[in-house]
Amino acid sequence: MPPDKDLLLQMLERMWRIRIFEETVIEIHSSGELQGPAHPYIGQEAVAVGACAALKDTDYIAGNHRSHGHPIAKGGDLGGAMAELLGKSGGYCKGKGGSMHLADFSIGILGESGIVASSVPIATGAALASKQQGKDFISMVFFGDGASNQGACHESMNMASLWSLPVIFLCENNQYAITTSYKNSVSVDHISDRAPAYNMPGVLVDGQDAIAVYEATVHAVERARAGEGPTLIECMTYRFEDHSLGLDRVRDNPYRSDEEVDEWRQRDPIPIHEEAITSTGVVTPEDCAEVQARVRVDVAAALEFARNSPYPEAKELFEDMWAE
Amino acid sequence: MPNMTYMAAIAEATREEMERDESVYLMGEDIRASVYGASAGLFEIFGEDRVIDTPLSENGFFGAAIGSSLVGQRPIVETVTSFFWVGMDQMISQAAKMRYMFGGQAKLPVTWRARMFYARGAAAHHSDRNYNIFMSTPGLKVICPTNPYDAKGLMKTAVRDNNPCLIFEDGIAISSRGEVPANEDLPGGELLVPFGEARIVREGTDCTIVGIAGGVAHAENAAKILEGEGISCEIIDPRTLVPLDKQTILTSVEKTGRLVVVDPAHEVCSVASEISSIVAQEAFWSLQAPIIKVASAQVNVPYSPALEPLVYPTPERVIEAVRETMS
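As they're listed, the protein sequences go chains A and B.
Using the working numbering, you'd call the opening residue of the first sequence number 156 and step up by one each time.
Using the working numbering, you'd call the opening residue of the second sequence number 21 and step up by one each time.
Bear in mind the hints are in silico, worked out from the structure with no lab data behind them.
A portion of the hints provided could be inaccurate.
[Unchecked claim] Straight-line C-alpha distance at most 16 angstroms; calculated EDC-like pairs for lysine to aspartate or glutamate:
{"hint": "1", "chain 1": "B", "residue 1": "K127", "chain 2": "A", "residue 2": "D442"}
{"hint": "2", "chain 1": "B", "residue 1": "K127", "chain 2": "A", "residue 2": "E474"}
{"hint": "3", "chain 1": "A", "residue 1": "K286", "chain 2": "B", "residue 2": "E68"}
{"hint": "4", "chain 1": "A", "residue 1": "K286", "chain 2": "B", "residue 2": "E42"}
[Said to hold, decoys possible] Among chain B residues calculated to face chain A with C-beta under 8 angstroms, some are:
{"hint": "5", "residue": "F66"}
{"hint": "6", "residue": "G83"}
{"hint": "7", "residue": "M118"}
{"hint": "8", "residue": "G123"}
{"hint": "9", "residue": "G124"}
{"hint": "10", "residue": "T271"}
Nothing here was measured: the structure is a model prediction, and the numbers come from that model.
Backbone N, C-alpha and C define an ideal beta-carbon position, used for all residues, glycine too.
Let the sequences and hints guide you as you build the complete structure.
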């Protein structure tokens, strides 16, 4: 079933929320206000947004170091995300996790992981719990082409298929693990080609097209909720920025050509989505402009919230270590 | 009072906790076949959702256990200490760090039970005594039961704890039998041994011996012989390394003035190193002799029966160390 107008607009709004959030992050990183590494999601917005649009609040997601897009796509609060990046106590994790560890358990965001592929078994385990508890919650894990080569990924896919777990393996093939092309590190043409080896469906999707990602995910969700097991979805996408803010050595030693970057920038997921939803007349260009304007206000308010949030106090250093 | 083996005590704790709480489940390799003796019959009682034979994928299923614990399950993971290395990413980067990293949002009630066999010709890949590595990692509770009573009581406490717990089942302790009270004879009707409370195995006045895991048995054997020489040893079994009951150790050293720590881990950065450092800093003026560590040699475990016994602590090495502190 195609998404309705509200969902199409929500998808647009969430893509803008990610885009403008990330642009703001780049600005405050350049000005020195934001320290530490941060991995911009710009260019890949359609993947997280299209996939999360097929989920419910009670479903689980887990992600990776390119970590701001997934929680925002799942409906996470912008102020809490920005405050976390600034190490403030108003952040999702009270400033203890930072950019790479955003988590909000109240809406199923089981956390982003800085170790590549490390959250794949975690999401698999959440799906196992769902099955054991007789719940219909499903679990989705975002990982990249680089992570697809980790043992954790292969082990999880084998277990998930063996035990028919309600988990969706959502591979964001942005084509480079820092500087290493997937063409030099993956033994098959596409990561989704590996799915038959685990006896699960493998789907290759245009990751710049939010509606296509949504539709592929809806099928996988239906299958998972019906107890039929996992699906591997590979979204072909591209990160428009470099691997990480502040990693100047990468910028100074180009591993991809300007032509290639320009070509992909022409396939910006936001105009593609706007074009798709306005061309059918469901949504007007004015609706789209209004969404963008609203999000600019929201992100500015998030930054304001983060700036005003206090730093954690020294006494909090030893808090949150142990659960009662 | 029933007398049982160490593994029977573990099996009893497992069954009781699975009966008490349906979120408790068991996973690991060769569980149904009960290759390590702690899971016989559980599959027949609890079924495939709660007694899970896994593929040989430690990093994968350790992570799955962790992920399930985030959303309300309480897995017990059975493995072998040497296979901890295979799943270290999940244990250290996820289990130990998630709660803190996520600002206290996560609860991680995962219990790992690991057979720690050594001194039996299994060579370097099957002889790891690696609790010291985990002791130095913030966020993990580390438990070394040395007798059936503690094995049952600490195991039940671990399963109910909302933090990742690692239980090291020492090969020397595993061969022990001992009395474990029946539930109906216990106040409250169950055996729960609290974490962070050391056990004074034997009282004495001349030298404190802290035994870690299998080191406790060596200390007991040594103390019997030393008693014949007129040397009175006080033996302390910390039982849990995280949390560590420092106070019982310090109080004992303040009384005896001497300390020997018997630790099957490799001597560099061992538990013996840590306890020695604590005592040196906090009870220095009570010491009448240098502290002695009796730990494993800083060498990989060799296969040959001519060489392997030279690596580990033995009662003889403990006796020699105590005599030296007395000289």
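I'd like to know which numbered hints this structure contradicts. Please list them from smallest to largest. Hints 1, 5, 10 not satisfied by this model.
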